[in-house]
Amino acid sequence: MIKFTLNGTEVSVEKGTTLLEAANFYGIEIPTLCYDEGLTPYGACRLCLVEIGEPGRSRLVSSCTYRVREGMIVRTHSERVVKSRKMLIELYLATCPSSKVIQDLASNYHVTSVRFRPKNEDCILCGLCVRMCDEQMQAKAISFINRGGRRLVSTPFERKSEDCRLCGACMYICPTCQARCQGPQEESTICNACLNLSPPCLEHFDDVMCYMDPCVACELDTKRKPKE
Amino acid sequence: MKKINSPAELEKLRESILESMDKDKPCISICTGTGCSASGALEVASAFEALIKERGIEANIDTKLTGCHGFCEQGPLIVLKPRNILYCRVQPEDVGEIVDKTLLKEEILERLLYVNPVTGERIALEEEVPFYNKQLRLTFGNNGQLEPTKIEDYLALGGYASLRKALEEMTPQEVLEEVKASGLRGRGGAGFPTGRKWESCFNAPGYPKYLICNADEGDPGCFQDRSILEGNPHSVIEGMIIGAYVVNSPEGYVYVRREYPLAIKNLSIAIDQAKEYGLLGENILGSNFSFDIKINRGGGAFVCGESSASIASIEGKVGEPRDKHTHATEKGLWNKPTILNNVKTWANIPLIIEKGARWFSSIGTENSKGTMIFSLTGKVNNTGLVEVPMGITLKELVYDLGGGVPDGKKLKAVQTGGPSGGCIPERLLDLPVDYEKLTEAGSMMGSGGMIVMDEDTCMVDVAKYFLLFTQDESCGCCFSCREGITRMLEIMEDVSRGESSLEQLDLLGELAQVVKDSTMCGLGQSCPNPVLSTIRYFEDEYRAHIMDKECPAGVCRDLITFTINEELCNGCGVCLKKCPAEAIQGEKKEPHAIIQEKCTSCGICLEVCKYDAVNKK
Ligand SMILES: Cc1cc2nc3c(=O)[nH]c(=O)nc-3n(C[C@H](O)[C@H](O)[C@H](O)COP(=O)(O)O)c2cc1C
Ligand code: FES
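Chain order of the listed sequences is A and B. Residue numbers are given in the working numbering: position 188 of the first sequence equals residue 312, and the series is strictly consecutive. Residue numbers are given in the working numbering: position 554 of the second sequence equals residue 600, and the series is strictly consecutive.
Just chain B, same shape as in the assembly (with noise of 0.2 angstroms):
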C-alpha cells in the first residue's frame, strides 16, 4: 500500500481501484454481520469458498463479506449480484444448490426466498422486499455493498471524496457553516444541534481539542451503531477527519462498550488501513493537518454512553455523570474543548459534505432533517434496522415495512426511544416520527429503539420492565434517581399485585414528574417516562389493577388464575409433568385441576396443553 500525498493521488487510486475491478461479475454477497454470524452466516461463508476452490472458479465468481444488512431476523442473508437475487435463512447444505442453479443457470430457489408474511408471496429481488423498499438507506445501505476490512470497497463506493473535498475545496469555517445549514441532530438521544455543538467547540479556546465517537450504545435491542461500526467504519472515521479539520483537533477517540468484538475489530483494521493509506495520521492526504483516532473500550454500562459519564470513564474515572453546567465543547475530555457526537451523526457527516447542506435539509421534516434508523422490534412481522427519512409515520413503520402485527393481533401501543422512552397509543398511529413530535407524545427518539406492542401487552408491566433497567442502570449518585426510581417500582409492583389505591396512583405520577425534574443526567430526568406515559394514554389499564383486581391483558401474575376445564381435559397428564411448582394433580386419564395455593400462574401448563381445557382468567 502507498501513501496517498495528495488530492489528485486519491482520485487516481480510486480510478484504479475502479477500473480493476467487474461490475458484471456474479458476486455472492454473504452478510457476516453479528446477527447473521449468530444464525451461522461464517459456517455458510466457508461452504461457498471451499466449493468455489473445489470447482475450480475462483476466477468467475466473487465473494464479500459484508457487515450487517439489517435484516438478521431473516439470517444467514445472501444477496447475488448483480441481479441483488435475496436469499434468507441460508444454511451450509444449500450452498452447492445456490451456486449450481442460481450461478451458474440463473434458476432461482423458491424455498429461499423471502416470503411477505401479509401476502404470503415470494420476491426475488432485495429491493422488491417491502421491508427494504420503502427505506432510504443513506447511512446504512453501503453496508450491503462493501467489505468492511477492505478500504478499497469504500474507496470505490466513493469514500473519503467528501474529506478530499473539505481539505482541498473548503475552509474548515465552511466546512462548518455547511453541517450548520444541514440542520443535522444529534443522534444519540438528545437531538442537539450538530453544527452548533460544532461552532461552540470551534470558538472555545484551549488546545489541544479532541473529538469522541459515543459507540456506547446501551439501549436493549438497539444495535444501529454496532452495525455501522461493524459494517461500514471508514465512514465514520471519514467524517471524524472532517471534524477534527473543522475544529483542528489533533486526536479523537471511539467509546465503545467491550461486548462489541466485532466492531472493535474491523474498527482497527479500517483505522490500519486509513493510516497507510494516509487518510488517517500525520499530514492526511499531504497537507499539513494531522489527526489520530484511538479506540477506547468502555465496560458497557448504560449510564456510560451519558455524555459526561463517557468523558469520565475515557479519561480513567468512575463512569459517572457530572454535573456539566459547563458544556463539554468549552470544557470536556481533560478540560478541553471536546465534540462529542453519536457514531450515526459522524456517518452522516461525510454525505452533507459530499452532496451539500441543501440536498441534505431537504430530506426530513421541518426541524429534524434526514434520515434515522430505527431498531424494529417486537410484536411485528419483519424485525431489524430500518432507515426511514425523518417524518415518516408511525402507521407506515409498522404496517409497510414491519408488515404488520403477527398471527391477526390487535396493534396496542408502540414503544420508541428505548428504556427511557414512552409508549404511544395506538390511536397516534399516524405521528411523524421526529424529534419535537415524540416529545410531545410523552416519548422521545432517543437512539432509535421502537418496539411494537400488541393485544396481550400489560402497559403496567411495561413500565414495570423498563424501569427495573433503569434502576439497575442508574449510577446511583442522585438521591432522587435513585430512590425515586425504588419508590416508582414499590408502587407499580404494588399495582400489578392488585394491592394499590388511586391515591397511590396519583403519588405515582406526583412522584414521577418530580424525578424527570429534580434529577442531574439524562438517565434520571428520562426513566419516568414509561411511568408518565403510560398514566397519560392507558390510565384506565392501571385503574383496572388496582379497582377491579384485573389485569386486562392477563400478564400480571397476581391477578390472573389458571382453572382446568373438566369437560375438555382428558387426563394425558402433560400439564401435571411440565409444571415447575408441582401445583398441578389428577389420576391418568381423570380430568385434573390446578392447585391455587401452589401455582404460580407461569402459564406453562396453558402452552402444553393441546386440548385447550387450561382456561387463562
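Isolated chain A (complex conformation) (with noise of 0.2 angstroms):
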C-alpha cells in the first residue's frame, strides 16, 4: 500500500493506483471528459487537474493519469486547480455549448458566463471514441488525423472504412453527441436551466429520462433506484 497526502488527509491505496482512481475511491469527485474506466487514460481534457507537491513549488498535473507515489501531497480543489478547471469549462462550453454533459459541468463548477466567441463544434478530440473502437471493441476503424487546430477523428484516409461495423459504440461514449442537450439558445452559450428545474423524478419517475447526476430523486429517495 502507498502512503499519501490527498486534501489534507493521510490516506493510502493500492500500488499503481493513478491519483483520479485514488480521489474516487476515498469519494472526492474530480470531473472528467476524456476519462472512461474501461479505458486506457488519456490525459487530454485535462479537466481532472489536481495539484501536487509543497505549496510554493507545487504544479498542476492530470490526476487520470498520474499514479500516486509515496509521500506525496495532492490537492484535488485547491484555488489553483479550480481557477484552470472553469477557464477550460469556459472553454467547453464557448466551444461546444449543445453538450449535455459539459452544460452540467458548468453548472456544477458554477460557471455563469462565457467571454469568448460561441462556435458550435460536435467534437472535443476527447478520444474515448477512438479508444473505444480500438481497445473494446478491437475494430481501429477510426484514429485522429492531422494536427493542431485542424485534428479530427476520422477514418483512414477520410473514406468510408470497411473496418467499421457500424456497432456504434463511439456514439454511445461520445460526451458530445450522445446526450445533446435541448438547452441553450443561439445568443446564449449557457444554458443552465437545470439549476432551476424541480428534480424531474419526484412526481412521475417513470415516464421521464433522467439526467440528473448526481440525481437529488435518488438521493433523497433511496427506495428508487435510477432508471437504467
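It is possible that some hints are incorrect.
To be verified - For lysine-lysine, the following BS3-like pairs were computed, each having C-alpha atoms within a straight-line distance of at most 25 angstroms:
(1) A/284 / B/363
(2) A/127 / B/377
(3) B/662 / A/139
(4) B/377 / A/139
(5) B/69 / B/58
(6) B/363 / A/264
No lab work stands behind these hints: they were computed from the structure.
With the hints in hand, could you dock these two chains into one complex?
Written out as C-alpha cells, the structure is:
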C-alpha cells in the first residue's frame, strides 16, 4: 500500500492506482471528459487536473494518468486547480455548448458567463471513441488525423471504412453527441436551466428520462433506483 | 584504414597524422556549411580546385571544405591559413585573384574583407572581427578547422582523446561524477542538469539502456545543432560513446530531421569512419565495451523535438508527446532506461572529460556553466551563430558581437528562446544571459534563438506571429493547448484590428496563465510566453491598439492608413502600377490618390515611391 496526503488527509491506496482512482475511491469527485474506466487514460481533456507537491513548488498534473507515489501531497480542489478548471469549462462551453455533459459541468462549477465567441463544434477530441473502437471493439476503424487546430477524428483517408462494423460504440461513449442538450438558445452559450428545475423524477419518475447526475431524487429516496 | 586495438595505438595514429601535416603550408579553408553552400560556396570550391590543378600547385596549397563558421550572412566565407585572413562573399570570379595575389604574393584584397558596419573599417584577420573575437568557441570553434568528412582532421585536433581517457583511466562512475561536477545543463531547452539525468539512468534497473541525441531542432531560425552535426559530427559521436560507457548502453540513436540532408550525410560518413577505426562498434579501442549509433530520420515536426514525442517517433509511433510521469531515464525508448540529450549537450562531453569538471565549471554563472550557442538574428548588423560564455549580457551580445541595430534605429526588445520564448525589453539589456535570469524575465533559454527587434516592430504582431506558429505545430491532443492557443489568437487578432476591449485583454492574460499551467507537454506550457511577456513589458502598446485604435509601430494593417501627399506626388504612376489591390487612381503627371475602401495596407506604394509622397499613419 502507498501512503499519501489527499486534501490534507493521510490516506493509502494500492500501488499502481492513479490519482483519479484514488480520489474517487475516497469519495472525492473530480470532473473528467476523456476518462472512462474501461479505457486507457489519455490525459487530454485536462479537467481532471490536480495540484501536487509542497505549496510554493507545486504543479498541476492530470490525475487520470498520474500514479500515486509514496508521501506525495495532492490537492484536488485548490484555488489554482479550480481556477484552471473553470477556465477550461468556459472554453468547452464556448466551443461545444450543445453538450448536456458540458452544460452540467458548467452548472456544477458555477461557470455563469462565457467570455469567448460561441462556436458550435460537435467534437472536443476527447478521444473516447477512438479508444473505445480500438480497445473495446477491437476494430481500430477510427483515429486522429492532422495536428493542432486541424486535428479530427476520422477513418483512414477519410473514406468509408470496411473495418467499421457500425456498432455505434463510438456514439454511445461520446460526451458531446450522445447527450444533446435542447438547452441554450443561439445568443447564449449557457443554459443553466437544469439548475432551476425541480428534480423531474420526484413526481413522475417512470415517464421521464433522468439526466440528473448526481440525482437529487435518488439521493433523497433510497428506495428508488435510477432508471438504467 | 586499420582498426585501432588499444589506446596506445590511437595515440600512435594521432602522432603519425600530425607528422604528415605541415602547419605552415598555405591552406584555403572554404566554408561549405548549408548557409555558405546556398550562397555559392560549392562553386567557389570547385573553382579553386580547378585553378590549383591548372597551375600545378597542388603540392603547395591545401584546400579544406569545412562546416559552418556561424557567419553565414557574409558567405561564402573563406579563411586563408596560416595567417587566418578572412574573405567574405567570395564568388568564383574572385578565385584567380585570391590565388595570384594573396596566396602567392601575400597581398590582401581589400574589397573582399569584412567591413565593420559600425566603424566602416575593413578587417583582415578572422580573430580581429568583433563577431568572432568576443566569442568563446569551445564546442563550435573546431568547425572552421576541420573537414567533417575526414576523421583524421578530428584526430589531429585531439579528437577521441577524451574517449581514450575515459576508457583507459576512468571508471563509468568516475566519468559520471565528472559530468555531474561540471554543472553541465541540457542545451535543448529545459536546462536539466545532465549529470543528474545520467545518474538516474545509471541507477535505473533494466537492460538494454539506450541513448538518444535530439537533433530535431524545430525552432525557426535556429541552426546550431545542424551546424555542429554538419561541421563536427565526431564531437557528438565521441560524447555519445562516453555517455554509453557510463550507463553501459549498446545502442544510441540520433534523431534528426529529414530537412537536414547534409547533416545526415556528414554524420553517416563520420559514423562509418569511426567504426572502421574501431572507435565505434564492437570492442571499442580493444576493450570489451561495444556501442553502435543509428540515425533516425524524423519528419521535422516541431513537437517531435519534445522528448517523449521524439521517443514515440523513433519507436515508429505518431510523434506526439505522452504524459511522462515516469522519466525517460527509467522508462524511455521501448520502455527501457534512456538518456536523451541535445546535440550541443553531447558535444560538450568530450571537453569536460578532456579538461576536467573544474575547468568547465569555472566558465559561466553560478548555476549555468559553460557556453551557449545563440542564433543571433533580426534587426542586428551581424547575424549568425555565436558561442558565448553563460552570463554574458544581452547588451554585449547585441552591441559587441552583433554590432548594434542597423540604420540608426532604436532597439526595442530581444526575443529569446524560440517560438515559445519571451520578449525582453530594451531597459533590461544588462540582464546576464543564463537559465534562471531568462526565466525570471519571462523568457527562456530554449535552444538558443535570439531575435533582435527595433522600434519598427509591433509587439502585438510579434506575439501573434509566434502563436500562429505554435498553433500550427501543436499536436492538438490537449484541449487546453489546442483550444487555448486558438482562443488566445482570436483575442490577439481582435486587438490587432482595434476591435478588442480591456476586459478581453484581462481575459487574454488569464487564459495564457491557465494554458501555461494546465497543459501536458512543454509546448503548451511555454507557448503563452510571447503573450505573457509582451503584456508584461509592453502593455501600453496593447492599450494603444485597444483604446486609441492605433498601432504605434505602424505594423498592424487594420490600424494604419496610407495617403498620398498631393504636393509631393508628381504623378509618375509607379505606385499605381505596383499596387496589387488596384487601389490607386490618378491621371499621369497629376497627383494620385488612394481609394481607402480597396487599400489592403500592404505598404508597397510607400516602398516604391521615390518622392516620399506616400504617408503612413
Ligand atoms: C515543443 C518542444 C520542442 C522541443 N524541441 C527540441 C529540439 O528540437 N531539440 C532538442 O534538443 N530539444 C527539444 N526540446 C527539449 C526536449 O524535450 C528535451 O528537454 C531535450 O532534448 C533534452 O536534452 P538536454 O537535456 O540535453 O537539453 C523540445 C521541447 C519541447 C516542449
Ligand atoms: S480525464 Fe484526465 S485529462 Fe481528461
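Hints, one by one, checked against the model:
{"no.": "1", "hint": "A/284 / B/363", "verdict": "holds, 24 angstroms"}
{"no.": "2", "hint": "A/127 / B/377", "verdict": "holds, 23 angstroms"}
{"no.": "3", "hint": "B/662 / A/139", "verdict": "violated, 67 angstroms"}
{"no.": "4", "hint": "B/377 / A/139", "verdict": "holds, 17 angstroms"}
{"no.": "5", "hint": "B/69 / B/58", "verdict": "holds, 19 angstroms"}
{"no.": "6", "hint": "B/363 / A/264", "verdict": "holds, 15 angstroms"}
Going through the hint list in order, the structure does not satisfy hint 3, though it satisfies all others.
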